[in-house]
Each structure stands twice: as structure tokens, then as C-alpha cells.
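A.B. asks: Below are the chains, spelled out letter by letter.
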Amino acid sequence: MMEKMIFGRYIPVESVIHRMDPRAKLIIVFLFIFVVFLANNPMTYGLLGVFTFIALLLSNIKISFIIKGLRFLFWLILFTFLLHIFFTKEGELLVSWGFIKIYEGGLIQGIYISLRFFFLILFTSLLTLTTTPIEITDGLESLLNPLKKLKFPVHELALMLSIALRFIPTLMDETEKIMKAQQARGVDFSEGSLTTRAKAIIPLLIPLFINAFKRADELATAMEARGYRGGEGRTKYRLLKWDLRDTLALLILIALSVTLILLRN
Amino acid sequence: MNIRTISISGIVAALYIAVTFLVQPLAFGAVQLRLSEMFNHLIVFNKKYFYGIVIGVFLANLLLSPMKVLDITFGVAHTAISLAIVIFLGKYVKNIWARMVLNSLVFSFMIFIVAWELKIAFGTPFFETWGVLILGEIAVMLITMPIMYAIHKGVHFDKLFKK
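For the protein sequence lines, the chains are P and Y, in the order given. Counting in numbering that gives the first Met the number 0, the first sequence runs from 0 upward without gaps. Counting in numbering that gives the first Met the number 0, the second sequence runs from 0 upward without gaps.
Among the hints, a few may not be true.
Straight-line alpha carbon distances no greater than 16 Å define the calculated EDC-like cross-link-like pairs of lysine to aspartate or glutamate that follow [said to hold, decoys possible]:
no. : chain 1 : residue 1 : chain 2 : residue 2
1   : P       : Lys213    : Y       : Glu116
2   : Y       : Lys90     : Y       : Asp157
3   : P       : Lys235    : P       : Glu134
4   : Y       : Lys46     : Y       : Asp157
5   : Y       : Lys47     : P       : Glu155
6   : Y       : Lys47     : Y       : Asp157
7   : P       : Lys176    : P       : Asp187
8   : Y       : Lys161    : P       : Asp216
9   : P       : Lys147    : P       : Glu231
10  : P       : Lys213    : P       : Glu173
11  : P       : Lys235    : P       : Glu155
12  : P       : Lys240    : P       : Glu134
13  : P       : Lys61     : P       : Glu13
14  : Y       : Lys161    : P       : Glu217
15  : Y       : Lys158    : P       : Asp216
In case anyone wonders, no lab produced these hints; they're calculated from the structure.
If we strip away everything but chain Y, and leave its shape as in the complex, we get:
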């Protein structure tokens, strides 16, 4: 693994925490959308963002979640598996917007892993929890698509690893 990939991944993970911690969630009504979910969209620009996103989720759960190890296990599994699926399916989708929609769908579907965690920890009904989680995840992923695209226009996520 080259040095640039390592340093960018570390910085992406640190950014993930800074945004999770400091930027208020986008809220509509009682539903709070965690803005840092937008980092998941980085994968559509370059598959090398995989490490940074997964480490960001790991650290966010380690430092900010009350359930620590349980959240780390299931949260990291959800992110890593979803990203792997998007990397695989992304080969067949070239358009960035279509990739972001695909990414949103995969993350929302795979959130059953978190529903499973909640069933184990709290005994909440699996399918109802999954349904609620899907709605929250798809909303935040779709809303953050234009935000991520606007940042991409200024930062050029796809070129950062190539310098």
C-alpha cells in the first residue's frame, strides 16, 4: 500500500470524526440525519477510500458510541460489506450520480445488519426496526448526494490518490 493511500485514509477517518462531532445533524421533525453518512459516497469516486471510511466508522463508534464493541462489530461490518458490494457493482455503473444512487440503495438495504444488532441488544422486532432504519439511511444518503457532489467539484475526490 503506498504512503499517499495511508495518509489520505487516516485524514478521511479524522474528518469523519470531526464532522460527526461538530456539524449538527440535519433534522427534519424528530428525525435526525447523521451528516457523516455522506462519507460513504466517497467510495463512488475511488475504491481506495474504503479504508478511510471503515476506520472512520470504527473510531466514531469507539469514541462516540455508548455501546462501543457491539456498535463497532456491527457498524464496521455494515460499512465494510456495503462498500465491498458497491466496489463490485460499481464496475458496471459509470455515471457518478447513478453510482451514488446505487451506493444509497446498497447501504440502506444492508442496514439489516444494524437491525440485527438492535434485535440482539434490545430485543426490538427485526423487520420493523429494519424498515425504520432503511428510511433514515436512504434519506440521509440521498440528501447528502448533492452535498458530496458539490464538494467533489471543488476537491476532485477521484484525483487525490493519483498525484
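The shape of chain P in the complex, shown without the other chains:
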């Protein structure tokens, strides 16, 4: 089961994107969501495509691997495309076949929105493909640090994230064990009516929750016993380092945004 886990998405290879500071990657991926909406003609979409594929190449991850991982999204993209083709009635009528009418505006809109979605998924996937979840947590904690002044519990939230990441595999193993134990007793989680299935889930969830909260209790006691006092004056094992390449990457994104603004209709 663990191999299906999306953590597997992190690909530990050597690349300039892997070496980047997680804070830079978080900022760039977040800004990209807005940048992708700047494209509105063939030239700007082309530029966005080139930028995305260069970023993918720099990550040293096989394009075929990424495409394979996103195969299930093909239907979603196709659905979006068809939705626009059939329901947007703008511009010249291109095809008229019975009740099916395809307009130029619908076709263009369908292509643009599908491309936007495709680029957005490819680019944002790079964050988790090249950054471990724990690095993402460290990056987020550092980026949210200024909010401490507003009494926002930044350190505590980062610690909760780290605890969650540490315990996901443990609790998944436990869920599987309990599921198998219940199946051995004749419980069927996939058959029967909605009520039967909902009832079957309860004997799985009660021991899972009891065990999980027992772990939370033990963890709290262990932290207390070791004198945990929160984030004040705490040093870090993993240190983040903002390099020239991070500034450069950010500048390239800004340059792309400016170019898109100049080239858009």
C-alpha cells in the first residue's frame, strides 16, 4: 500500500530545482497561479508552455514519469474541453451537426482553459516532486514567521504539520492492519447498501481513533518529560539557505509576468 502513497511523488534526484530553497519554490508556485491567468492569446500560452517545460527539464525528472502520473487527469481535461466546446456560443459557427453546434469562441476557450489547467498542474507538481514534505513545512514556517507578531501560532502549526507527516505512515499501517483484522472476521467494506457499508466502517474507525489518540497522549507526555517549551530560543537541525539561484528564479518569474502583460491582448 505504501508504494501507492503520494509521498513517492518526491523524486530524490540531483537538480537545480531540488537544490532551491523551499521558500523560493513556495513563493514561485503560489505566484504562478496568478501568472498563468495572464495568458490570453496563442503567443502568451506558447511562452507559458516553454517556461513550464524548461522548469520540468531543469528538475531532472523524466517527463514520461510526470505525464504517466497525471494520466488520470486526461479525462478531467477532456471534460473541461468538451464543456466549453459545446456550451460556449461565441464567434463564428464552425460545425453544425444536428443539435451539436461548435463555435469558434468555444473551441478557442476550450483549448485555452485546458492548456491553462495542464500548465498549472505540471508546474505546481514540481513543488512536491522536488521538495520533501518536511522541507515544505520548514519553508512555510519561515515564510509565516512575520505573523508571529500578530500572535499567530506559526511554530506550533509547523510542529503539528511535522507530527502529522511523521505519523501518516504509522496510522496508515495501522488502518490496514485493522481493516485486515476486520475482514478476517467477515466484514466486507466494499459490498452492501450504503447503510451496511457505513455500519461496517464504525468497527474500523473506533479502534483506529482509540489507538491514534493513545499515541497523541504518549507523544504529549514524552514531549513534556523532555522539557518541550515551544519555539522560543529553539535552534534548528535543518537550516534553510536562500541562494543566488533562488533570487534568479524569482526574477525570471517576474520577467515572465511582465512579458505576458506586454504580449496579452
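Got chain P sorted already, so can you dock chain Y onto it with the hints?
C.D. replies: Chain Y only, in chain P's frame:
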């Protein structure tokens, strides 16, 4: 924030992912209901579950969603705002079942945030999408109410932070 709140929140978030990933969705017909939505009901037992639920949604979107950052932004906003509203309104409702119904209604209404995301990302019509999402959300929230209550009877969600 005390240590118990931190450790319980981390574990709740991990549970959220384990349940999202391993327990098959309850399906009727073509409609699949994500079981992990039941975690939203934790808020009716104690407002301290806020952090665990929000982090669970954040991680679920980070690790399991193809749209990553877009889903994180809108998904976390939907959950955090809905939970905040339920915490506020919950002060005036004492009965657990009534609180769970209130919670289901608030989450279903506030799902317009996700409809807005889909409008931005896919250009889907806002009101139609909102309508479909409301139906899915209210169904899963109402169906999981007795499940959550049955677990509460065994686990006592309201007492966990008080040890």
C-alpha cells in the same frame, strides 16, 4: 498553546490523510462521498480540533490533489472559514446533533468557495457548480453524522483535550 493540543492536532491531521487514502469512499451510484469529510464534525465536540482539521485538509491537498496550491488555498479557506462560523454559532446551540446539522449546513453553504475555485480554474458556471457541490457536501456530512457520533461514544472526543 499546550503540548496536548499540538500532539492531538498533528495526530488528527495524520488520521485525516490515512482515512482519505485508505478507506474507500461511500458510493451511491456515480456519486462518491469522501469519508474524510466526517472529520469536520469534530469541531462540534471541541473547538480545539480546528487546527487538526485545517492541517488535515492542507496536507490532503498537498499530498493527494493534482491541483496542489489552488486546492490548498481554496480548500483550506473553505474549511477554516466554515469551522470559524460553526465555532461562533455553536455557542448558541448546545445539543450535539443540532450542532452537527448546523455544521453540515454551514459547510455545504460555504462550499461556494470551492465553486469559485472551479469557475476560475475550469470556467465552470458558478451557480450550477455550487448547487452540485452543495448536494454532495450535505449528503456526506449528514451520512457521517451517526458514524461520528458512534465513534464519539467510544472515544469521547470532548474529553481528550482535558486529561
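A.B. asks: Hey, Lys61(P) versus Glu13(P), does the alpha-carbon distance stay inside 16 Å?
C.D. replies: Status holds; Cα separation ~12 Å.
A.B. asks: Between the alpha carbons of Lys176(P) and Asp187(P), is the straight-line distance 16 Å or under?
C.D. replies: holds, 15 Å
A.B. asks: Run the distance test for Lys158(Y) versus Asp216(P): straight-line Cα separation, threshold 16 Å.
C.D. replies: holds, 12 Å
A.B. asks: Would you check the hint for Lys213(P) and Glu116(Y), treating anything up to 16 Å between C-alpha atoms as holding?
C.D. replies: Violated - the C-alpha atoms of Glu116(Y) and Lys213(P) are around 38 Å apart, more than 16 Å.
A.B. asks: Checking one constraint from the list: CA of Lys46(Y) to CA of Asp157(Y), max 16 Å. Satisfied?
C.D. replies: holds, 9 Å
A.B. asks: Given the hinted pair Lys161(Y) and Glu217(P), is their alpha-carbon gap at most 16 Å?
C.D. replies: The given pair, whose Cα atoms are some 15 Å apart, holds under the 16 Å limit.
A.B. asks: Lys90(Y) and Asp157(Y): Cα distance at most 16 Å?
C.D. replies: Given that 16 Å is the threshold and the Cα spacing comes to 15 Å, the pair holds.
A.B. asks: Sort out whether Glu231(P) lies within 16 Å of Lys147(P), counting only the CA atoms.
C.D. replies: Holds - the C-alpha atoms of Glu231(P) and Lys147(P) are around 11 Å apart, at most 16 Å.
A.B. asks: Quickly compare the C-alpha distance for Lys161(Y) and Asp216(P) to 16 Å and report which way the hint goes.
C.D. replies: Holds. Lys161(Y) to Asp216(P) sits at ~11 Å (cutoff 16 Å).
A.B. asks: Between Lys240(P) and Glu134(P), does the CA-CA distance stay at or below 16 Å?
C.D. replies: Holds: Lys240(P) and Glu134(P) sit about 12 Å apart, inside 16 Å.
A.B. asks: For a C-alpha distance cap of 16 Å, please report whether Lys235(P) and Glu155(P) respect it.
C.D. replies: With a Cα-Cα distance of about 14 Å, the restraint between Lys235(P) and Glu155(P) holds, given a limit of 16 Å.
A.B. asks: Check the hint pairing Lys213(P) with Glu173(P) against an upper bound of 16 Å on the C-alpha distance.
C.D. replies: holds, 13 Å
Hint compliance for this structure: hint 1 alone is broken.
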